[in-house]
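So the chains spell out like this:
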Amino acid sequence: MEKKKTGGLFREFTKGIIRENPVLRLVLGCCATLAVTTAASNAIGMGAATTFVLVCSNAAISLLRNVIPNKVRIPAFITIIAGFVTIVQLFIKAFSPALDTALGVFLPLIVVNCIILGRAEMFASKNKVLPSVVDGLGMGVGFTAAMLCMGIIRELLGAGTVFGIPILSGFMEPIIIFLLPPGGFFVFGILIALSGKLSREGHAPESMGCAGCPLAASCSKRLDEAQPEEKEAE
Amino acid sequence: MDAQTIKTLVGIFLAAILTENYVLNKFLGICPFLGVSKKLNTAFGMSCAVTVVMVIATAVTWPLYTYLLRSWHLEYLQTIVFILVIAALVQLLETVLHKYMPPLYNSLGIYLPLITTNCAVLGVTMLVLEKTAADASFGYLQSLVNAFGSGVGFLVAMILFAGVRERLEDCDIPQFFRGLPITLVAASLVAVSFLGFNGVVDRLL
Chain A
1 MEKKKTGGLF
11 REFTKGIIRE
21 NPVLRLVLGC
31 CATLAVTTAA
41 SNAIGMGAAT
51 TFVLVCSNAA
61 ISLLRNVIPN
71 KVRIPAFITI
81 IAGFVTIVQL
91 FIKAFSPALD
101 TALGVFLPLI
111 VVNCIILGRA
121 EMFASKNKVL
131 PSVVDGLGMG
141 VGFTAAMLCM
151 GIIRELLGAG
161 TVFGIPILSG
171 FMEPIIIFLL
181 PPGGFFVFGI
191 LIALSGKLSR
201 EGHAPESMGC
211 AGCPLAASCS
221 KRLDEAQPEE
231 KEAE
Chain B
1 MDAQTIKTLV
11 GIFLAAILTE
21 NYVLNKFLGI
31 CPFLGVSKKL
41 NTAFGMSCAV
51 TVVMVIATAV
61 TWPLYTYLLR
71 SWHLEYLQTI
81 VFILVIAALV
91 QLLETVLHKY
101 MPPLYNSLGI
111 YLPLITTNCA
121 VLGVTMLVLE
131 KTAADASFGY
141 LQSLVNAFGS
151 GVGFLVAMIL
161 FAGVRERLED
171 CDIPQFFRGL
181 PITLVAASLV
191 AVSFLGFNGV
201 VDRLL
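If you're matching them up, the sequences are chains A and B in order. The opening position of the first sequence corresponds to residue 1 in the working numbering, with each subsequent residue numbered one higher. The opening position of the second sequence corresponds to residue 1 in the working numbering, with each subsequent residue numbered one higher.
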């Protein structure tokens with residue numbers, strides 16, 4: 001019994017990293033992914049900040065899931081998330097001003113990161129505290145891993161360094177466009193294609209439609225047909 | 001209003017559309033950009049709704065921050081206050097449109113609930129305040145013009161990209177590249193073309 005329980009928790013954790021990777025499989029939180037991955041260290045900083053918010057907000061929302069009336073749950077979730085984002089913002093400003101400058105407006109924009117509201121709506125509001133925390137942790141680690149992957153590729157090709165350590169110097173000229181916005185779109189597209197190729201389904205996610213929107217569950221005015229994958233995820 | 005002010009305002013407006021395009025240059029509002037740019041008319045409706053909300057949100061949050069939060073030293077509450085103000089505004093706008101302007105509601109209304117969590121809207125309200133902090137001459141009017149320009153920039157990017165995507169539909173693409181990956185690569189090419197506008201606005205003024 002005990003073993004089965006930990007096994008379930010472990011699956012909850014790993015699903016966020018590989019099977020339902022928020023960035024590469026569910027394509028959530030793409031603004032932050034594209035914007036801050038110009039350097040590997042920024043990707044780690046952003047990933048850690050998002051993971052913290054995700055774990056805390058999942059825990060808080062799961063604890064309050066029976067208290068919050070269904071009708072006002074989205075504003076309530078947003079307020080809880082915004083509170084944790086403010087904590088992270090103040091913390092990073094105090095301890096790592098350089099990271100604060102590098103992440104810029106994307107640090108407060110964690111509030112509207114679809115991953116967080118999406119997990120609150122799809123998981124934390126329906127599950128107990130411990131699975132919610134583990135789910136948040138797994139999703140956060142998956143988000144960080146995907147961003148780190150992109151950050152390393154873009155930094156290596158665009159600046160010839162990884163974590164600021166020169167690697168390609170004297171070997172090839174850095175291709176600066178990988179640090180510019182077009183490079184971000186390009187690397188992201190290639191990574192999604194690769195993850196689709198390597199995954200069991202063998203194809204990339206077709207489109208996001210409403211699935212990418214955290215409000216999809218509560219929104220009656222869908223633009224596309226309901227996405228069947230979302231149902232399975234629960 | 002003298003000629004110099006008008007010139008600056010035009011500069012801010014053009015810069016917001018071309019060189020500081022929210023989608024293609026700043027990576028704000030990527031979700032709707034990829035999600036609803038499949039058809040031209042949905043792309044147009046969504047962008048119009050985003051533009052309206054951007055201007056109204058900036059019109060409310062700018063004085064709120066400058067005269068209320070800053071004078072009481074509550075700057076750290078910015079994130080919470082702004083997101084709640086935007087959520088409330090979107091809800092209010094939806095109700096008002098529904099009651100008084102049903103035709104407009106039918107064309108824009110369906111996009112409104114999606115906008116609360118659009119990072120471009122929260123982004124514009126925060127970025128104009130950053131600009132105000134950096135440059136004292138960047139006041140309320142300039143912020144509004146910037147917000148409007150950002151919305152129009154979003155519209156331009158969405159419409160251009162909807163056109164590109166319609167072409168993609170008929171192409172023979174490898175299986176694992178179909179859907180989002182090829183869309184992102186196409187977005188990358190559109191972004192390259194927008195890089196060409198670098199410096200254009202400075203030259204104009």
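None of these hints come from the bench; they were simulated from the model. Hints may be right or wrong, so weigh each one.
What the hints assert, rightly or not - Which stretches of chain B does chain A cover? Using the computed rule of at least three CB atoms under 8 angstroms from a CB of chain A, they are: (1) 4–11; (2) 24–37; (3) 64–72; (4) 179–193.
Virtual Cβ for every residue (Gly too), placed ideally from N, Cα, C.
Hints, verified against the model:
no., hint, result
1, 4–11, "violated (count 0)"
2, 24–37, "holds (count 11)"
3, 64–72, "violated (count 0)"
4, 179–193, "holds (count 12)"
Hint violations for this structure: numbers 1, 3, all remaining hints satisfied.
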